[in-house]
Amino acid sequence: MTRTPSRPTPRRKRSPEDTAGVSQVDAAVEFLRARIMDLTLEPGSRIDERLLISDFGLGRTPAREALNRLAMEGFVQLRANRGGAFVAPLGFEDFGQLIEAHQFCEAMLSHRLQIDYPGLLEKLEAIQQRYVVAVNQRDYLRITDINTEFHMCFYETMRNQLIADYALKILRLVSRVLNWTYRNELPETEHQNEQFTLNLAQHDEIIDTVRRKDLAKLSVILPEHAAYVQVRLIHILNRRAVRADFSPFPPTQKTEAEHILD
1 MTRTPSRPTP
11 RRKRSPEDTA
21 GVSQVDAAVE
31 FLRARIMDLT
41 LEPGSRIDER
51 LLISDFGLGR
61 TPAREALNRL
71 AMEGFVQLRA
81 NRGGAFVAPL
91 GFEDFGQLIE
101 AHQFCEAMLS
111 HRLQIDYPGL
121 LEKLEAIQQR
131 YVVAVNQRDY
141 LRITDINTEF
151 HMCFYETMRN
161 QLIADYALKI
171 LRLVSRVLNW
181 TYRNELPETE
191 HQNEQFTLNL
201 AQHDEIIDTV
211 RRKDLAKLSV
221 ILPEHAAYVQ
231 VRLIHILNRR
241 AVRADFSPFP
251 PTQKTEAEHI
261 LD
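Numbering of the sequence shown is given in the UniProt record's numbering, commencing with residue 1 and proceeding in unit increments.
Bear in mind the hints are in silico, worked out from the structure with no lab data behind them.
A hint or two may mislead.
Said to hold, decoys possible - In the DSS-like style, the derived pairs of lysine-lysine whose C-alpha atoms are separated by at most 27 Å in a straight line are: (1) K213 <-> K123; (2) K169 <-> K217; (3) K169 <-> K123; (4) K217 <-> K123.
What the hints assert, rightly or not - Label-pair distances were calculated between CB atoms; the ranges are: (5) Q161 <-> G96: 26 to 34 Å; (6) I221 <-> Q129: 16 to 24 Å; (7) G74 <-> P187: 25 to 33 Å; (8) L78 <-> T197: 21 to 29 Å; (9) L198 <-> I53: 44 to 52 Å; (10) P187 <-> D94: 21 to 29 Å; (11) E188 <-> G119: 36 to 44 Å.
Since we're looking at a predicted model, the values are computed, not measured.
Backbone N, C-alpha and C define an ideal beta-carbon position, used for all residues, glycine too.
Assemble the whole structure, with the sequences as input and the hints as a guide.
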């Protein structure tokens, strides 16, 4: 078995230059979304619209468009009475609704998934190779990015962009919870290693089921696999007796939004 490190490998933070070929608004959205998902921008921290204008070279209208898009995705809250945009809280009291939406999406696949979709198996196998590398390196943001890509392959077979867009929104919100979970698993290295080993095995089982074109089994194991998001998070919450409104950041720790584009 491949030996995995106990601590995450440092990851170079995305910058606008990493998104060549897309609009400035798209680049700003992708950059800020990544910083929110990997918790560099902490829940509740303020995003200064002026920095989007000065550092991204956006006009006021495109800057607001970027923040509006992130608000629609559930990552940003716009509070006119409090002076701007804030990173959405990571409220575990609402986690049940997110899990239900996630399970709904995965269960829906059993009715519309096209297991014979051209190139599906090959694409899943290629993604899994990159996923294994990311897991072994404990590159958390990349793990969740690739995991989202893996699961979106199944929604692509449905040929329904509205459903795919909804599923992508849910998977991204789940990814933020997963990044919090991975971060808080660090004191339990053995447990985290076991969970990632299980996760890799589940992906391999999903790929093998696609290879055998067993749609009946796939409709069972996809929702079961999705349920492990909840299992993994609840383990952390129970071990630490965390309240529903718990924040992983101490109350004295403040995010300097002015440094989000460092």
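So, going through the hints one by one against the coordinates:
{"no.": "1", "hint": "K213 <-> K123", "result": "holds, 15 Å"}
{"no.": "2", "hint": "K169 <-> K217", "result": "holds, 26 Å"}
{"no.": "3", "hint": "K169 <-> K123", "result": "holds, 21 Å"}
{"no.": "4", "hint": "K217 <-> K123", "result": "holds, 20 Å"}
{"no.": "5", "hint": "Q161 <-> G96: 26 to 34 Å", "result": "holds, 28 Å"}
{"no.": "6", "hint": "I221 <-> Q129: 16 to 24 Å", "result": "holds, 20 Å"}
{"no.": "7", "hint": "G74 <-> P187: 25 to 33 Å", "result": "holds, 29 Å"}
{"no.": "8", "hint": "L78 <-> T197: 21 to 29 Å", "result": "violated, 41 Å"}
{"no.": "9", "hint": "L198 <-> I53: 44 to 52 Å", "result": "holds, 45 Å"}
{"no.": "10", "hint": "P187 <-> D94: 21 to 29 Å", "result": "holds, 26 Å"}
{"no.": "11", "hint": "E188 <-> G119: 36 to 44 Å", "result": "holds, 39 Å"}
In this structure, the one hint that does not hold is number 8.
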